[in-house]
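J.: So you can see what is in the structure, the chains are spelled out below.
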Amino acid sequence: MKTSRPALFVMTTVLLTLAIAQPAPLSAESAAQWTVQVSKVNPGAVGLSRSFQVAIYENLLHEVSKMNRFKEVLRDGDQKAANAPDLLLLKTVVEKYTAGSETRRAVTTVTGATKLTVHTQLSTPDGKIILERTVHGNVRFMGSNLRATHNLVRNIAKTIKKSSLPKPPSSVVTKAMNSTTSDDVVVVESP
Amino acid sequence: MTHPGVPFYCRPSDRLLKRWALTAFLVLVMACGTGAFAEDVSQPSNPPSSLPSTHLLGFAGARNNSKGTLSIEGDALQFKKNGKAAAVRVKIAAIHDLVLGDLSRQVGGVPVTLAKVAVPYSGGRAVSLFTHKKYDTLTLEYVDAEGGLHGAIFELKKGQAEGLRNELLDKGAPVSNAGNEPTKQTAEASSENK
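Chains as they are written, first to last, in my numbering: chain A, 1095 to 1285; chain B, 629 to 822.
No lab work stands behind these hints, which were simulated from the structure alone. Glycine included, every Cβ here is placed at the ideal spot set by N, Cα and C. Keep in mind that the hints are not guaranteed to be accurate.
[Unchecked claim] Covered stretches of chain A (chain B as the covering partner; in silico rule of three or more C-beta atoms under 8 Å from a C-beta of chain B):
hint: 1; segment: 1138-1147
hint: 2; segment: 1150-1164
hint: 3; segment: 1171-1178
hint: 4; segment: 1192-1201
hint: 5; segment: 1227-1241
[Unchecked claim] In silico DSSO-like cross-links for lysine-lysine, where the CA-CA straight-line distance does not exceed 30 Å:
hint: 6; chain 1: A; residue 1: K1160; chain 2: A; residue 2: K1190
hint: 7; chain 1: A; residue 1: K1174; chain 2: B; residue 2: K695
hint: 8; chain 1: B; residue 1: K785; chain 2: A; residue 2: K1134
hint: 9; chain 1: A; residue 1: K1134; chain 2: B; residue 2: K719
hint: 10; chain 1: A; residue 1: K1252; chain 2: A; residue 2: K1190
hint: 11; chain 1: B; residue 1: K719; chain 2: A; residue 2: K1209
hint: 12; chain 1: B; residue 1: K786; chain 2: B; residue 2: K719
hint: 13; chain 1: B; residue 1: K762; chain 2: B; residue 2: K785
hint: 14; chain 1: A; residue 1: K1134; chain 2: B; residue 2: K695
hint: 15; chain 1: A; residue 1: K1222; chain 2: B; residue 2: K719
hint: 16; chain 1: A; residue 1: K1134; chain 2: B; residue 2: K786
hint: 17; chain 1: A; residue 1: K1209; chain 2: A; residue 2: K1174
hint: 18; chain 1: B; residue 1: K695; chain 2: B; residue 2: K761
Here chain A stands alone, though its shape is the one from the complex (with noise of 0.2 Å):
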């Protein structure tokens, strides 16, 4: 069978087309419009060293600014935070921890891996959840013990990266206006 060459280009170039008209995750388009303060990490009842705290904070705004799903990041603490209208807090509880041993690992290999469990939750500031799941981190073979919470921050950002956010209830009402008359009752839906 024979099939001429302009045929399959058209045919290509439909398909082509078809792919790129199709409309973004809807979920990304929504989370755009949000503010995400990330807050200090809780220890909870580990004994998590303070450096391991900083460590999780600092590549956590780091991870979730790479993102480019949310229009600002904030600091704990930010004065921003208090205008900032469409607002998710970020907490992460320490819920395990198990100290490592970089050396036991280059020497054994099998033992001695850093591990880490968090409970991580996006909430607005009235306390409304989001998006709470459990995530682990570990450094098993290579690296130092502090890679652990790179790992660990990694798999947070890529659980909030899959998960889909409602929409602000700023972009809502702003939806609402634009679509009904002045007559109409506008309902503002919270998320």
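Given the coordinates of chain A, work out where chain B should sit on it, guided by the hints.
T.: For chain B alone, coordinates are given in the frame of chain A:
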């Protein structure tokens, strides 16, 4: 050379002997290298106002894992990267908390890691026992002009962080109740805290 009385499987192979000699030589070289690394601990420390350190993460404006000098200049703590004129500064008054800790890490980087891999019969694992070094860590929390919390971790030579912390305390930096880390990150026995 032939040994008519000895069967061939009992004779030492020249190749095997050469390999063992090479292994012994490599182990010796690495052990000497490790000794050189370990010497630094006993060296007299610099005056606490200017210390060579590695910025692990968090100090705004400085690259992660960059080597430089940590010093106190007037009312600020500054980190100056090696070979760069500009320094990153944070006012001591902005520091919220200071915590000392320690960590142990493998030294030598990629060359030593490759050498360890090259040692036959997994001999590199044994070398790992000697190619680690302990460091002090200085973890500090400070706030920026807008009230945002920052955290930074510096790695210093063993025994140097305490001097710097004391100097910062003298200049008015606050320190939490747990001035030192509650748990050692270098715990050789893996313990699970719940």
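J.: Indicate, hint by hint, whether the structure satisfies it.
T.: Hint check results:
1. 1138-1147: holds (count 9)
2. 1150-1164: holds (count 3)
3. 1171-1178: With 4 residues closer than 8 Å to chain B, the segment 1171-1178 of chain A meets the three-residue bar; holds.
4. 1192-1201: With 9 residues close enough to chain B, the hint holds.
5. 1227-1241: holds (count 3)
6. A:K1160 - A:K1190: Given that 30 Å is the threshold and the Cα spacing comes to 27 Å, the pair holds.
7. A:K1174 - B:K695: Distance ~33 Å between A:K1174 and B:K695 Cα, so the pair is violated.
8. B:K785 - A:K1134: Holds - the C-alpha atoms of A:K1134 and B:K785 are around 28 Å apart, at most 30 Å.
9. A:K1134 - B:K719: holds (21 Å)
10. A:K1252 - A:K1190: Holds, at about 20 Å.
11. B:K719 - A:K1209: Violated, because 35 Å separates the two Cα atoms, which is more than 30 Å.
12. B:K786 - B:K719: Between B:K786 and B:K719 the Cα gap is close to 25 Å, so the pair holds against 30 Å.
13. B:K762 - B:K785: holds (8 Å)
14. A:K1134 - B:K695: holds (27 Å)
15. A:K1222 - B:K719: violated (37 Å)
16. A:K1134 - B:K786: holds (28 Å)
17. A:K1209 - A:K1174: Not OK: A:K1209 and A:K1174 at ~35 Å, beyond 30 Å, violated.
18. B:K695 - B:K761: Holds, at about 17 Å.
Hints 7, 11, 15 and 17, counting from the list given before, are not met by this structure.
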